[in-house]
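S.K.: Below are the chains, spelled out letter by letter.
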Amino acid sequence: MDISGKPPATAADATAPTTLGATPIEVLKPEGQDKVLAAEPASPALKGEGGTEVSKSEPAGKKPKAEPETLEQFIEYAYGRKGQPLTLKPKVVKQVAQNARLDDAALSRLLQLASSDTLLAVPRQILLLSQEVTDLPSLKAALTSFVANVMLRHPVFSDAGVQGALRNLPEGLPPAEALARVSAFESAPSAEAEPLKGSDLRDLRQNAVRLFVTWLAVNRSLNSEEVSLLLFQGVWQPAAKDLADDNARLRALTDIGQAAGVGLACQRFRQQAIEAQAQQATAQREVNGLRDSLSASETRLSGTEQQLESVKEELQALRESSSAELEALRRQHAVEKTHLQHELEQLRGRLVKRLTDSVEMLEVGLSALRKDTPRVPVMVERAEHVVDALRVEVRELGEE
Amino acid sequence: MTVVGFDFGTTNSLASVVIGDEVITFLENEQPIPSVVSFEGGKVEVGRKAHDKLTSAGLGVQGSTVRSPKTLLGREEQLIDGVRRDPVKMVEHVLDHVRRFVLQTKAGRELPMDRVVATIPVNMEGHRRALLRQAFRQAGMSVVQFVHEPLAALYGYLRMSEGTSDLIRRYDGKLLLVFDWGGGTLDLTLCRVLNGLLVQVANDGTEEVGGDVFDEELRNEVEKRSRAEQGLGDDVEVLPEARKRLLHECEKAKIRLSDRSTWNVYVDPYYQDDKQSDLQVNLSRDDLQDIVGHLVKKGVARIERLLEREGFSTASVELCLATGGMVNMPMVKNRLDELFGPGRVHVSRRSASAIAEGAAWVAHDQARLHLAKNVELALARNSYMPLLQAGIEMPIERENRRERFDLYCVDPSDGHGKFSLVSPHRPGPRVLANDQRRPLCNMLLKVDGKAEPFRERLALEVNIDENLVLTATAWSLNQKGRAVAEVHDLEFALATPGARSSWINANLLGDDGEVSAHESGDLSMRSNIASREDQSLVPGEVQYRHNPFYFRVEQYPPQIQVEERLYYEPCAMCGRASNDPLCQCATPQQAVSQVSEHQGLRPSA
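Residue numbers (the numbering used here), protein chains in the order written: chain A, 1 to 400; chain B, 1001 to 1605.
Just so you know, these hints were derived from the structure itself, not from any lab. Do not rely on the hints blindly, as some may be mistaken.
As the list claims (entries may be wrong) - For each label pair, taking beta carbons as the anchor points, the in silico distance ranges come out as:
(1) A/ARG330 to B/SER1258: 41 to 51 Å
(2) A/LEU347 to B/ARG1305: 39 to 49 Å
(3) B/GLU1304 to A/GLU396: 36 to 46 Å
(4) A/VAL392 to B/PRO1342: 34 to 44 Å
(5) B/ARG1350 to A/ARG348: 17 to 27 Å
In this text, all values refer to a predicted model and were calculated from it rather than measured experimentally. Note that CB positions come from ideal geometry on N, CA and C, so glycine has one too.
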């Protein structure tokens, strides 16, 4: 059995212990390798020289450890790796896959072993390994099931909403929210252990977040952008907030161990930024186009309004000229009416005068005729005058 | 606002209005309304009914009837039918009757009849004009402007003729005579057309040969002939009212004989004898001419007299416009034709309404009256100072034109300053020094007889009111004298439409009629201030304003000039004349020394 981990990316990694020490110490691992609180191995199978854990960094000539043959042994072996990445040869995998069932006693033991991993450094590595055995579904399912058991039992995932998210239940919290709960986990004192404080708590939170993100990526098929975003929200951004000054930031930047992860994340973010930029440019173009279109529409609207205004003015002018014309016609009509009335009155007056004169004249003539000595010339003269006057009147009436 | 033309004539009255560029004259059965008012008991009758009660010719009071109350304006209250009656009230009755008549016609019922252009005879003096305005006001009408009757008739003739502007151009510079012979008066006006202005040159008028005098003359002659034919003596009485009927018959006969050669005047019964005899007299046109020919000659002679007075001949008259009822008499027409030639006599077809129609056109065109001739003050050395220049617009309703002048008494030795206002015969603002002048009025003003010449400041104010009366008031500031005189017979010009006369706006006063063109303290009389020769001035003569260039400090003028200048120059502080008692700024001596010091003048010797 050959168990190989990834080579340390930094000098610190190179000096990192690959075996369990007696004193629990915090070991800084490169990016992608969870921080662990070193503890005594729970399983004798992995203890001392009888263990099966083999590392490329182990000194040559040392007796190789026994290869895990069962799932139980494999998990014990994984816990023995203290969170370092796990790699199995295909033959070993096949061997383990043939014994991929865990009875209750083994599971109990393994869960006991897992409970000693207070900082949750190992389950993520198991989960990642399970993704490599795609052709052995039973093994994959067993490993995933075990990790689920571990996660559900761990206090950091004890929140109902988080558990719901883990189980992908409808009442579960959305991933980002659940991740926020996990990253804000506060260790509570219990009968079994003292509450975690300081860097342990921070490591636990980071490990838990990474595990949770990995879990979500595996079980909910999150793509790398979503994973990056969740990690950014759950781990990287809160960690960056703790950087007090420029020196701390410089230190953090130059301490980045696993360049691949950073590169991947940055690549994704950059890709997102490029896409966002492209989208922004597209959107900007669309906005510009829409603005141009709006401007053109406004110009058209303005033109149309002007046309409308001019048409209105023309209409108003037409209305006014019509009303003025009408008024002028009315006035003219009134004037004509007045003149016609006046002419009629004048005509009537003239007729009245002429008839009155004629009557008066004939009366005088008649009285002259009735005298004892008739005054014939008076009557004749007046009669002639009346006849002449009436003739004139008839002629004038005919002419009018 | 429609303004009506109102001819309140001596014998007849009528109103006209221009509506839509056509004139409407409100006639009562084709006749004007007689200006007659009759009082019987409490009943007042006006117009035709009152006219029928007239028994004799002549104007004024006849029993209980008043013919032409206009002629009574300005007189005392008249005792009529036992009651003292105010002439203004009598006029008001006639005016109100005409107004009501217009308003009851279909054509006139929409008219406001509250503003009129009223025509007046040329010899109607200002006080009577004011009373006439009052009568109009009492009858519910305000007089926008008075216009002389002949001027209105001429304006109406020009306005109603075809091609008014061509006609006005044709008559430009020519003399036109308006011959208005109505029932009561004969009015003559000689006009000249000057650049579109109808300028009155001379006026004349008489009541001696009115149409009613013709009627009365004719009646007397007819009665005389009738008595002779019937062998009736003068002791035979005439029946009551019969003479009145004969008068009307004679009036008709006068008209009939215009188109007939003979006419029988017949009144039955007429005489108060046993048979109640009638009157029948056959009159021919020749008879008429024999009877009233002398009156026609008398009337037409007024024309010749007027022309002679003004220095014109009949040949210089381009048009004789004959209006009034009398001009329809053939003998009047013939006489005018003889005088001017048939081509220059125009007898208006609507002679009875020509004046009212002219007034209506004046109202319609808003034609304003302008002063036709300068009003001048005769000064010492036979020079004339223009007070009002021809062309200024005459005030209309509620307006006044006022001008004030400061003068000095040339020779106060007799204690009186003499003001003589004159008007040149020549119309227009430009007159020559040797043009003939007509005196308008004279004033004698008390001045300080002990003062030196050119020392006492005198003030003269001339004011023309809405009744076209010029009032001249003079004061002497030291002696506190005051003299007032009125001029009622100013002559006017009427602007025709489109008139562009150069002197129409000459020397216009302020629009409000209150603002003088002169400033307070302006010098009107020049003394010794000028130290240089100016050919346009005669030393001691008048100038409107002191020309500052006449006095130069840097030329070291003689002391007499310095003192005169300081004396005549207005107060530097209040602007009043140097010897104005109202000037309290400083004592004259103090002021002299202050100003002298201020101007750096040499101290007096």
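S.K.: Decide, hint by hint, whether the structure agrees.
M.R.: These are the hints, each one checked on the structure:
1. A/ARG330 to B/SER1258: 41 to 51 Å: holds (44 Å)
2. A/LEU347 to B/ARG1305: 39 to 49 Å: Cβ of A/LEU347 to Cβ of B/ARG1305: about 43 Å, so the range 39 to 49 Å holds.
3. B/GLU1304 to A/GLU396: 36 to 46 Å: holds (38 Å)
4. A/VAL392 to B/PRO1342: 34 to 44 Å: violated (25 Å)
5. B/ARG1350 to A/ARG348: 17 to 27 Å: holds (18 Å)
Of the numbered hints listed earlier, the single one contradicted by the structure is hint 4.
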